[in-house]
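Please model the complete structure; the sequences and the hints are all you need to start from.
Protein chains in written order, with my numbering: chain A, 87 to 142; chain B, 83 to 393.
These aren't lab readings, by the way, just hints derived from the structure by calculation.
Take these hints with a grain of salt, some might be off.
Claimed, not checked - Beyond 10 Å from chain B on every Cβ pair, some chain A residues (computed):
| # | residue |
| --- | --- |
| 1 | 96 |
| 2 | 103 |
| 3 | 113 |
| 4 | 119 |
| 5 | 122 |
| 6 | 131 |
| 7 | 132 |
| 8 | 136 |
| 9 | 137 |
| 10 | 138 |
What the hints assert, rightly or not - Below are the SDA-like pairs computed for lysine to any residue, each with C-alpha atoms no more than 25 Å apart in a straight line:
| # | chain 1 | residue 1 | chain 2 | residue 2 |
| --- | --- | --- | --- | --- |
| 11 | A | 132 | B | 214 |
| 12 | B | 112 | A | 121 |
| 13 | B | 284 | A | 118 |
| 14 | B | 112 | A | 132 |
| 15 | A | 132 | B | 310 |
| 16 | A | 132 | B | 136 |
| 17 | B | 112 | A | 126 |
| 18 | A | 132 | B | 208 |
| 19 | B | 112 | B | 241 |
| 20 | A | 132 | B | 284 |
| 21 | B | 362 | A | 113 |
| 22 | B | 284 | B | 321 |
| 23 | A | 132 | B | 104 |
| 24 | B | 112 | A | 119 |
| 25 | A | 132 | B | 144 |
| 26 | A | 132 | B | 139 |
| 27 | A | 132 | B | 308 |
| 28 | B | 112 | A | 120 |
| 29 | B | 112 | A | 118 |
These figures come from a predicted structure and were not determined experimentally.
Glycine included, C-beta positions come from ideal geometry on N, C-alpha and C.
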Amino acid sequence: MVDEVMRDDEIELTPAQQRKRRNRNIAIGLALAGLVVLFYLVTIVKLGVNVLNRPL
Amino acid sequence: MALVEERMHEIGSDEWSGGASVGDFFELLKPRVMSLVIFTALVGIVLAPGGVHPLLGAVALLAIAVGAGASGALNMWYDADIDRVMSRTAGRPIPSGRVTPEEALSFGLVLAVLSVFTLGVALNWAAAALLAFTIFFYAVVYTMWLKRSTPQNIVIGGAAGAFPPMIGWAAVTGDVSLASVVLFLIIFLWTPPHFWALALVKSDDYARAGIPMMPIVAGNASTRRQIVVYSVIFALIGLAPWALGFGGMVYGVTAGVLGAIFVGLSVDILRTGDGPHARKVSMRLFLFSIFHLFALFAVLLGERLATILAG
Numbered sequence: 087m088v089d090e091v092m093r094d095d096e097i098e099l100t101p102a103q104q105r106k107r108r109n110r111n112i113a114i115g116l117a118l119a120g121l122v123v124l125f126y127l128v129t130i131v132k133l134g135v136n137v138l139n140r141p142l
Numbered sequence: 083m084a085l086v087e088e089r090m091h092e093i094g095s096d097e098w099s100g101g102a103s104v105g106d107f108f109e110l111l112k113p114r115v116m117s118l119v120i121f122t123a124l125v126g127i128v129l130a131p132g133g134v135h136p137l138l139g140a141v142a143l144l145a146i147a148v149g150a151g152a153s154g155a156l157n158m159w160y161d162a163d164i165d166r167v168m169s170r171t172a173g174r175p176i177p178s179g180r181v182t183p184e185e186a187l188s189f190g191l192v193l194a195v196l197s198v199f200t201l202g203v204a205l206n207w208a209a210a211a212l213l214a215f216t217i218f219f220y221a222v223v224y225t226m227w228l229k230r231s232t233p234q235n236i237v238i239g240g241a242a243g244a245f246p247p248m249i250g251w252a253a254v255t256g257d258v259s260l261a262s263v264v265l266f267l268i269i270f271l272w273t274p275p276h277f278w279a280l281a282l283v284k285s286d287d288y289a290r291a292g293i294p295m296m297p298i299v300a301g302n303a304s305t306r307r308q309i310v311v312y313s314v315i316f317a318l319i320g321l322a323p324w325a326l327g328f329g330g331m332v333y334g335v336t337a338g339v340l341g342a343i344f345v346g347l348s349v350d351i352l353r354t355g356d357g358p359h360a361r362k363v364s365m366r367l368f369l370f371s372i373f374h375l376f377a378l379f380a381v382l383l384g385e386r387l388a389t390i391l392a393g
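Below you can see the structure in the form of structure tokens.
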């Protein structure tokens, strides 16, 4: 019953809308992956040679 | 939150076109404005003493650009009602129904927080604070308050567009110096003649949207006089980098020649009055002003890079 109600309320996306949604998702995914790489590189640059300067 | 809900009601938040494209969201960032922000911020970063690791410099530039884009998105969210009635802005993503106001607001807020946080963590918190203040100044002080209430809107609001080189400088040095204030002043004093030249041409558009631009409130004649006054001050402040020693001879000559042409073009506007060529003369100053600002910062950048390469 609940499923039926939810199906009634669903918005059916056209193929064009589905394509746009897919592209938005890809863009968000790429942006997040880019941020991860960026913060990793920033960390390495900021640590510099100090990363080796620690008690072993 | 009450303000947000009230605003959503005013600009019609129940419209949904079926999803925006990635390009629509990119358009919310005002890419053309962003390109000038990126360029002037780059000059601030390169001119700042001490230098910075190229990767951190690139991160600073990215954060400043995204911060500027965020304020653009917040501006488009708040101004959707007036953008709809102006021919220049009617095709923007919200008035044309491609992006909903909720999407634009969320997008702008997320990018604003992200850009300030990234600049603070990667570079320093002085630069991040300046970026946060710039976003606040553009989105709240200019867009929500000044733009619709005073003909001095773009004079005071111009500060938002003038901050990027100062933020770039602060990203490297962690502070604000006289040289970075001069870079700020160059853009700040360039803004009134630049926008008023456009406002003289587009005054019907602004009047329809109820924006109290100078030509509508004080009249075309008064606006033309003020353009000349600001042009003279702008031409003089353009020489300051040379006078203070962080701009070389090439810069000094460029600023002097371009400044003289700028004042000449503004006097042309005053002389022409409301005559048949008024529109053409105003557009000439508007277009020249873009080239002028770009040239000043490009020469400063070129001189600095030449010094670095010469060792």
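Status of each hint after checking the structure:
no. : hint          : result
1   : 96            : holds, 14 Å
2   : 103           : violated, 4 Å
3   : 113           : violated, 5 Å
4   : 119           : holds, 15 Å
5   : 122           : holds, 12 Å
6   : 131           : violated, 5 Å
7   : 132           : violated, 8 Å
8   : 136           : holds, 14 Å
9   : 137           : holds, 15 Å
10  : 138           : holds, 18 Å
11  : 132/A - 214/B : holds, 23 Å
12  : 112/B - 121/A : holds, 22 Å
13  : 284/B - 118/A : violated, 41 Å
14  : 112/B - 132/A : violated, 32 Å
15  : 132/A - 310/B : violated, 48 Å
16  : 132/A - 136/B : holds, 12 Å
17  : 112/B - 126/A : violated, 29 Å
18  : 132/A - 208/B : holds, 17 Å
19  : 112/B - 241/B : holds, 17 Å
20  : 132/A - 284/B : violated, 49 Å
21  : 362/B - 113/A : violated, 42 Å
22  : 284/B - 321/B : violated, 31 Å
23  : 132/A - 104/B : violated, 33 Å
24  : 112/B - 119/A : holds, 24 Å
25  : 132/A - 144/B : holds, 17 Å
26  : 132/A - 139/B : holds, 12 Å
27  : 132/A - 308/B : violated, 49 Å
28  : 112/B - 120/A : holds, 22 Å
29  : 112/B - 118/A : holds, 22 Å
Hint compliance for this structure: hints 2, 3, 6, 7, 13, 14, 15, 17, 20, 21, 22, 23 and 27 are broken, all remaining hints hold.
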